[in-house]
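Number of protein chains: 6
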Amino acid sequence: MVDQKYLEKAEVLIEALPYIRRFHDKIIVVKYGGSAMIDEELKREVIQDVVLLKLVGFRPIIVHGGGKEISRWVDKAGKETEFVGGLRVTDKETIEIAQMVLGKVNKDLVANVQTLGVQAAGISGMDGGMLKVEKKYVDGRDIGYVGDIKSVDTKILHDLMEQDFLPIVYPIGMDDNGDAYNINADEAASAIATALKAEKLAYLSDVEGVRLDPEDPSSVISELYVEEAEKLVEEGVIKGGMLPKIRNCIEALKDGVSRIHIMDGRIPHSLLLEFFTNKGIGTAIIQESEEKYWNE
Amino acid sequence: MVDQKYLEKAEVLIEALPYIRRFHDKIIVVKYGGSAMIDEELKREVIQDVVLLKLVGFRPIIVHGGGKEISRWVDKAGKETEFVGGLRVTDKETIEIAQMVLGKVNKDLVANVQTLGVQAAGISGMDGGMLKVEKKYVDGRDIGYVGDIKSVDTKILHDLMEQDFLPIVYPIGMDDNGDAYNINADEAASAIATALKAEKLAYLSDVEGVRLDPEDPSSVISELYVEEAEKLVEEGVIKGGMLPKIRNCIEALKDGVSRIHIMDGRIPHSLLLEFFTNKGIGTAIIQESEEKYWNE
Amino acid sequence: MVDQKYLEKAEVLIEALPYIRRFHDKIIVVKYGGSAMIDEELKREVIQDVVLLKLVGFRPIIVHGGGKEISRWVDKAGKETEFVGGLRVTDKETIEIAQMVLGKVNKDLVANVQTLGVQAAGISGMDGGMLKVEKKYVDGRDIGYVGDIKSVDTKILHDLMEQDFLPIVYPIGMDDNGDAYNINADEAASAIATALKAEKLAYLSDVEGVRLDPEDPSSVISELYVEEAEKLVEEGVIKGGMLPKIRNCIEALKDGVSRIHIMDGRIPHSLLLEFFTNKGIGTAIIQESEEKYWNE
Amino acid sequence: MVDQKYLEKAEVLIEALPYIRRFHDKIIVVKYGGSAMIDEELKREVIQDVVLLKLVGFRPIIVHGGGKEISRWVDKAGKETEFVGGLRVTDKETIEIAQMVLGKVNKDLVANVQTLGVQAAGISGMDGGMLKVEKKYVDGRDIGYVGDIKSVDTKILHDLMEQDFLPIVYPIGMDDNGDAYNINADEAASAIATALKAEKLAYLSDVEGVRLDPEDPSSVISELYVEEAEKLVEEGVIKGGMLPKIRNCIEALKDGVSRIHIMDGRIPHSLLLEFFTNKGIGTAIIQESEEKYWNE
Amino acid sequence: MVDQKYLEKAEVLIEALPYIRRFHDKIIVVKYGGSAMIDEELKREVIQDVVLLKLVGFRPIIVHGGGKEISRWVDKAGKETEFVGGLRVTDKETIEIAQMVLGKVNKDLVANVQTLGVQAAGISGMDGGMLKVEKKYVDGRDIGYVGDIKSVDTKILHDLMEQDFLPIVYPIGMDDNGDAYNINADEAASAIATALKAEKLAYLSDVEGVRLDPEDPSSVISELYVEEAEKLVEEGVIKGGMLPKIRNCIEALKDGVSRIHIMDGRIPHSLLLEFFTNKGIGTAIIQESEEKYWNE
Amino acid sequence: MVDQKYLEKAEVLIEALPYIRRFHDKIIVVKYGGSAMIDEELKREVIQDVVLLKLVGFRPIIVHGGGKEISRWVDKAGKETEFVGGLRVTDKETIEIAQMVLGKVNKDLVANVQTLGVQAAGISGMDGGMLKVEKKYVDGRDIGYVGDIKSVDTKILHDLMEQDFLPIVYPIGMDDNGDAYNINADEAASAIATALKAEKLAYLSDVEGVRLDPEDPSSVISELYVEEAEKLVEEGVIKGGMLPKIRNCIEALKDGVSRIHIMDGRIPHSLLLEFFTNKGIGTAIIQESEEKYWNE
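Protein chains in written order, with the numbering used here: chain A, 31 to 326; chain B, 31 to 326; chain C, 31 to 326; chain D, 31 to 326; chain E, 31 to 326; chain F, 31 to 326.
Intra- or inter-copy, both count: the list cannot distinguish identical chains.
The calculated BS3-like cross-link candidates involving lysine-lysine, where the alpha carbons are at most 25 Å apart (straight line), are:
1. K275 / K162
2. K122 / K106
3. K122 / K98
4. K284 / K180
5. K73 / K35
6. K73 / K309
7. K122 / K73
8. K109 / K98
9. K180 / K162
10. K227 / K284
11. K275 / K56
12. K162 / K73
13. K122 / K109
14. K185 / K56
15. K227 / K180
These aren't lab readings, by the way, just hints derived from the structure by calculation.
Could you put the whole structure together from the sequences, leaning on the hints where they help?
This is how it looks when you write it as structure tokens:
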């Protein structure tokens, strides 16, 4: 006889069946950041998760930042960092360091995916002219090479996915002169998901999700219609650091992304649990026309 | 916190990753018969398993017989059945009944697959002229409409798979005059797997696998090179009902099938366990050039 | 010298030229039933005709019923048949018999086409989920597994035609649970022709066409605009058994079929005569925008 | 009732069925010349025949000469014509006239085909560099712009056929300097058929076929293997004007053409009779591996 | 060291870069006529220019007339020519001569292009039924086989360009009966450019461009918006022989051609200078939405 | 009149015609290094040259190193560098710096190409698993993360070129564990050219070419067959720093590259001069079967 353990394994796989069917050929943008980029074990698991999404027929794209590596190298170069309105003032040398660090982080991820047997192609927002930017001003002040996204040319992403590559993107864009600019990784992920009309945008970061009561971890909401999210913003329930994130999400949903997920990247295999089991992780914000499905 | 149960689920999925990669786009012929066709629960599970294989990127083909239904309808029609050399003497009326029963069983399977959200196309060996046969003689005796496969035209199977259908095949072939003949389902599965150079041919039947000692269920061998199988045949270890099955397997492996599996269809989700976990089910017979992988 | 006989043959072929050009690559749905299914000589001729249509570049599809075979097997199984509003009450066993008989009739047609050197693929309305049905009620009464067509998914038909197969269809559909239902073959042919925006739908049955005077065989009308047909219905000229047939035709024409033909299947090679000579057979009902062409 | 006349028409069409299947997608090169180019009625019939071949799925190519038109225009221009070894000495002005006349004849054929609803493209051997030639010398004597074919680039023919055009070719080639040369139309047809590995090369000219006794019209041979033809040449049975034609045929058959037909273009619809009925016209010379089929 | 001469060569090539990029894959119709067809040196240069346009990725099409060759052959045939409203009265024999001469001129161009290593296909307006015409009447008078273009079927042009051929077209069209008609080459070029929505239509003829003062060669305008051209026509600045040409241009621009160029074909390599340097040749008439670029 | 200057420009373009035709669709690998990477003016010119090659229909690929930037950043990080056998000992931190610097240099090139209107995609040898390496040992000594190329998977390059991207590659490869290794850029260019069977491999570096007399700059050889190069090596004429370069070339030519060019990157637009004029730059080494073409 086959023992119980194996039958349970089979059940887990069968449980995944409707999700595999539902997301077949669908574009999933994963914003990868936070602890999941630093902790080696979590990192390994995130890569495994994305590789599995790709192998079962989804079309995932990773968008990543540089985590704390950029600051580490800026320090190493002996530079002092100034912040304006929460944004790093980015002079020529700083943008060079950012480019270098992000490029290296990118290829580490590429190598990790390749060793799991899936083709990866790491690109910046400059390749194929994907992310066109203009200089961002903070209260009218020039803070250097920090860019706002003006347009997204998705051709290179479509071409790579068509050829069966998993695209891994880092958020350096360029202006009309070909100068490189740093872009906020959350914004880049959101702009890319919007331009691709992605089925889902998943933010992996160090929050548990949206709380009804900021002080109460047990008050995390599992699913919200975009209108409900807007109402919570208006009513002041959503506030603090979560506020800009949610505003960003609301915009992306209105522009065509079907479903955005704010996930706790500190939970092992959170992507898998979210995609393949009935265990919802964090908070999903969805379009009115979608049915909430964790209540099923 | 996410509880332990979910982390274990994630582990099961991750464990499947190398198998999903290994069989990507590979043709898997599943000979479906025995208890798994009769027991409604087992039947549902086999369909789920094959649908999952399809959804994660394999290219499964089901070949099925009629189980005990043919005999039931022959009885219903008030016919007496004669057997020669273990084969049913098949007159005009009997072949008509066989065609009718197999056609109906086929569409039931089609309906089951369709309701799980995967496209299925049920065909006989006559569609597209797939299975060409000639009359089989037993010791020179004409036993009616029982056929030996002369050639396999795989065009219709390739076309259907190309268009993303799961082909479900029943073993009625035709001779040059267009007359229908019954074919042994094991032989049909083996001929189709050979013609397609399938990656794997899985026999789902009511045996646990090949035993070293026919009396000892614990003596099932998990993996054999084709040469080893030949030796066991020569040495008389393999005998009885298993003998023709194994001879059939040896031939198919020599003609290009990579791996043949004799599986116990009475075990729930045996296909899934075999394909996605490190639990080998039954006996695999493999080509010399393949590495045995359960020992890893 | 070549004798007169051969020159006349050449003339016949040349006469076919404009018709061959006109229907090039056009979809022709042939509803096959009545005497032409029973008489072996007529049957052979219909198959020849359809094969010729295929070979000269048309895209024919055969939709067939089971003729009197279903009743014969229901009787054989010792069942009594009840009719409600002209429709057979179809219990579980009856639908099984219908499926079996239709499946077998289908493969006989497949074999006949294949032996003429053309690829055929026989499918039911369940394959590829082509015909989705819901239970039909007669005056509120449940008459079992008899279905009304809810939707037609033409993917499997397009795929087969694309791969150069002649599709042969039998009218068993399925509901959302995957249960099989019998469908009226006329309705199935009409629904398929409509969904494919077929160039022509030809009904082969045992009527000479639409008569102005039901008692007078010489009053058969050769061509009618759909508006004229509607008027004849309103005026009560068309009545009796012809009435539902014509109503069905009117609907299909309004939904995109260009031309419907009610043909006498008892005439040898009626399809060929209709398609390739200036001899109109039976009654054509056409859209306003089409020109009547037998008057040319 | 349908009268007998129509049933006979149907029989003629059905008789064509095996031939339509046999030549499906096959390349047929028709050398068009002789009376069939001059007599308006015969011309109209040849065009109808080729158009029908195209419409039922064959891939015909017409290769034509200029008939007596070239001589007429040379006379008109007041030039005297010299012949060496049966070939016209072709000075600069003569080749210009040949080009002009052939070009015009070509477009007349194009117009005739187009008005029957089939796309035609008329090209010379210079278009796409199809026919590369070198100067032909007769007993060492330069006879001007008369060319021997050095190579055939079939790209333009394949491209046109692929796009569903009927190619109509006239035999002007060019040398490496781009100078135009006249080519014997029989040679051009044979070289093109060879380069395309055509299924059949049909010569339409004013002969009844190959005679066993040159004096006896009733001694026309209907079918010869290429070896038999060689033997007849060796034995001196084939002689006179037929000799170079047959030598040409023998070479083309050895180089890959399957079947060459010497047909009497004076018989109305000779192409149709040859292709679609069991009435063989003229003499077929075939490869050993082909079965003679008029004897069937 | 590399001497100055080579660095200047490199500069010329680099200067061409933005133009090569701008016209990549764009359709350019070149109406070829005037001195550039007669002078052998100019002819060679025009061919080189068009071949270069093709090789660097543009999609040029040549449309040509017969220059003075038609008159020369009409004279040769001893015919008198009558003109009505500036148009040659074209009887049956004249249209035949026109067809012959144009066909020959066409193949000369084909040969010239082929010897430069680019594939050319020479076609008339009858091939593929490209130019459909109806008889032109001058003040109600029938002047024979002179046609007005009724419709342009661009399929053959698209097919040839798709297969990498340079199409070379001569302006003989046909009416519904298949009769050939002469068409004004300027009108044919304009109709073809319009039907293809060409990026540019370049007229190579013996004028320097549009003059503000007809008497002053230095008053040539280099660039005009279509509205400006209309105003110059209204104000009577453009008059005489230039008037119909400009009216023709205005119409084509309104129907979708982006830019029309009236170029002096007597200048060596005028096409190259126009396309690849900042030296504008002759007069460009452009759509409002285009930016004038020689002023850059 | 058009002045002389413009006619000379046209001549330069016409002179380029045979070269544009010859290299149409051909793969050209450009190893970019030396002064041409440092001098901003030369850099701009190289980019212009490669962009022009791309626009006129060649398929160029840039392979670049990091020039002196890597050393600069290693110094900045306060590391001492040890060399063994001329190779930098590359510890973990050094390989990280190399990756970062090369990644940044790469994206600068991408930006430069993009601003000229051509799509560029910058990749490392790790993307798509293109360059697989194993650790290089110098006299048995482990010098860290310096790799020898084991295999080249050209899929990502073919995919990018197919989609009209100009690939820009930097020579970081990975071993089976996914660890990054530095590769000599000359070796990477040569391995890539070999794997792609490139038409030409052009080395842009600070040498004038191969000299017969190392002391005499005027003794540069313009063209050598590979056998002649081997002889010069044997005879000791080629020696010093040129020796390994030439050995590398000889190997690549034997493995399928058609033609290798050692060019002086200090000459402005050396690529253009080499490809589009009859001015040969540096030394070409070619296969026996190629004709030397500067002597034409």
